[in-house]
Amino acid sequence: MKATRKHRELPASKLRWRCPKSAFRFKTTDDIEPCTDIIGQDRALESIKLGLELEHRGYNIFITGLVGTGRTTTIKHLLERLERKNSVPPDICYMHNFRHPNMPAIIELAAGDGMRLAADMDNLVLKLREQIPAVFRTEYYQDRRKKLVEAFQAKQKKKVSSFETKIGKEGFAMVSLQVGPIIRPQLVPVVDGNAVDFGHVSQLVEEGKLPAEKLEKLKEAAERLSEEMQEVYSTLRELEKTLRQKLEKLDLDTVQPVVHDLIREIDLRYRNEHLSDVLGGAERHIMKQLDLFRKSDDDENEARQKAALAEQGVAEDPFRELRVNVIVDNTETGAPPIVIENFPNLKNIFGIIERDFTPHGWSRTDHMNIRAGSFHRANGGYLVLNALDVFIEPGVWQILKRTLKSSEAVIQSYDTWSIISTSALKPQPMSVKVKIVLIGDARLYYLLQGYDEDFRKIFKIRADFDREVDNRSGVVRQYAGFIKRLCTKENLHCFDRDGVAAIVEYGVRLAGRQNKISTRFSEVADLIREADYHAREAAARSIRREHVQRAIEGREARVNMYEEKIQERIDDGTIMIDTAGAVVGQVNALSVYDLGDYMFGKPSRITARVGLGNSGVINIEREADLSGPTHNKGVLILGGYLRGVYGAENPLVMSASLAFEQSYGGVDGDSASSTELYALLSALADLPVRQDVAVTGSINQKGEIQPIGGVNEKIEGFFKTCSARGLAGTEGVVIPAQNAPDLMLDEAVVDAVRKGRFHVWPVRSVDEGIEILTGVRAGSRLKNGRWQKGTVHDLVQARLDEMTTAWKRFGRDRKKEA
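Our numbering numbers the first residue of the sequence shown as 431 and each following residue consecutively.
Hint data in this document are derived by calculation from the structure and do not stem from the laboratory. Hints should not be assumed to be uniformly reliable.
[To be verified] Straight-line alpha carbon distances no greater than 30 Å define the calculated DSSO-like cross-link-like pairs of lysine-lysine that follow:
1) Lys995 / Lys1150
2) Lys557 / Lys436
3) Lys506 / Lys890
4) Lys1150 / Lys436
5) Lys436 / Lys1213
6) Lys444 / Lys1150
[What the hints assert, rightly or not] What follows is a set of in silico ranges between Cβ atoms, one per label pair, in the way DEER data are often shown:
7) Gly904 / Gly1096: 38 to 46 Å
8) Pro1171 / Lys831: 39 to 47 Å
9) Lys718 / Lys831: 42 to 50 Å
10) Glu1079 / Lys1185: 47 to 55 Å
11) Ala1054 / Glu1232: 44 to 52 Å
Heads up, the beta-carbon is just placed ideally off N, CA and C, and yes, glycines get one too.
With these hints in hand, go ahead and build the complete structure from the sequences.
And the structure:
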């Protein structure tokens, strides 16, 4: 029974949405204002706004969405526009902790006061180096010091003279002997008015010039006087110690008011409790190190040279402990900071304690080597991070969680190959209040939700960026404003109305539906820049549709080499595709190749063979391990359809095989399930299928055609194959009716349909599709349960009944033989 009804085709007007020029009330984009709004992300913006304004712990934000939708740009733009009610965060400084030297003290001061404090402490050192030596040069100080020294010298002289008189009466003198590097006082006897050693006296005794008794008396006296001499020198040392103590007390009493007044002046200027404690320790340290500030006019030049070398890191700065290290300076910050960290490693986020190396290779570190990270710079504001980068960097995620839970940031020293601190320096932690914004994809978000309990506690807000938005007149005008903003920012040519319409249509094509428009603005922006290039090459004053089209074609030409190679194989017959005639059990399917940066469609041949047996439908791709799970499911659905339509009264007895011919790289997806069913029905009914028609669409067990993806690329792929061989006017494609609103076909396809040289048939059921492919009515059941005579279903049912009868006969014959 030949098909008598005419199947509806899609007219050319339905194959592509065209942006109406009436939507724009301008000649070029120079006539409009740039769009500063964030286009089409209302849901995400509400979530972000909630997360930013809730100041409770844990309300950090995880932004998900497709790459290229402008997530990073949007969050930065939104943060800048957000009314930030918080005050400007403080400056953060580190100073030497004189009470606990290995724990540098953290000082928080009002914005701008950090650098002022550093300058004040530097000036303090300069003033001390000037005023302390000046105090020591005063007449008052010199007189008091002279009196103390003279009093000591008098006592010393009196004590020594008294002892020398005593030993002189007993025939001894005191001399100084050089014993190695040490000069020691020693008693020696005086013989005939000369001081001689005991060796010489012993020689005189041997020569008989001196009685032996005299030698023994001298030795006894020398031993007794030596003990007295030790007591004398011990007394002198005590006197000297007392002198030093008196001189030190004189120094302290003289200098202390100067030091105290200078430090108190700084203390009163800032009135900070932690700073007051550090300044108290600094004052005590200065009073213990007064020798650092003593100088004379002769060594002033030498001191200057040392200071210059210290600034260059060549020599150690003797006053380094008094310096201030400002790690966060908010002098020029007028609002809570926004920090976008593009390289989120441990050092860049959490800071580091650096090391200085001496010329001899020794390393050293102190509070001046502490460096802040982006977490510290974002204190009181917002820190934006890429989630995947955070997880790739060792240790970052764990430390980030600990920091957010404790609200304290600790700066450590990290070895290049280890996350373990290698420094004994433990700076005091800093209390931080930072709102973290992580940008990642949905898979990572759900992975963390499922496996990391801490994640749910510290990232309570999710903002999902949509890849598309409703195609409305307001959004179209915003697109024009976006184009204007980019042209102004990057000094591009302006667009005329037709050029803007072409960009909008490209956005609709990216979205894949006529009633949607893409928010992947990174790709749209790239097209705008490339269209500007072609306009400049053509010396045009504005960018028109032709320049946009040239940019699209140029981008396709850069990445479509693989597509051209496949087309070459089709054209020379290596890949066998028929586009004319009719063949039983053979249908042209439409496949999509996704290369990441480019997606295209090409026809693939599907064949079906049917024979007697009980194996059912055999998926050759599955048997060869070339079939994905979705494709396997689609083939299994075919069995459900066949049982429901033809197996209500009798069991289905058949062995059928389905294959994607010349497919060697694997197949997945269920968009070819309707094509496989058509091939199977053709083989069962022995009806030839048109080869000038390609098919796409998935089915359910009821025989309803379901929508698929990549419909534009599939249609264009078959059109290119047919065009290469010359269009006869009968070629076309069968697509799911639900995909009709998704069409944004190339102008060449639309033009061919308009001229009646190519056709697009939307179908909703298997019956509609098989009628187009075979030219035979699908048929419907009569009241007696049979199918209309001569229809596709009648022919298929008859074939299946024949195979059932033959199988029964085969079974009886086998039984008889047995």
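Results of checking the hints against the structure:
1. Lys995 / Lys1150: Holds, at roughly 13 Å.
2. Lys557 / Lys436: 103 Å, violated
3. Lys506 / Lys890: OK: Lys506 and Lys890 at ~20 Å, within 30 Å.
4. Lys1150 / Lys436: 26 Å, holds
5. Lys436 / Lys1213: Within the cut-off at roughly 26 Å; holds.
6. Lys444 / Lys1150: Roughly 20 Å between the alpha carbons, so the hint for Lys444 and Lys1150 holds.
7. Gly904 / Gly1096: 38 to 46 Å: 44 Å, holds
8. Pro1171 / Lys831: 39 to 47 Å: Holds - the Cβ-Cβ distance for Pro1171 and Lys831, about 46 Å, lies within 39 to 47 Å.
9. Lys718 / Lys831: 42 to 50 Å: Given about 44 Å between the Cβ atoms, the range holds.
10. Glu1079 / Lys1185: 47 to 55 Å: With a Cβ separation near 49 Å, Glu1079 and Lys1185 satisfy 47 to 55 Å, so the hint holds.
11. Ala1054 / Glu1232: 44 to 52 Å: 30 Å, violated
Hint compliance for this structure: hints 2 and 11 are not met, and every other hint is.
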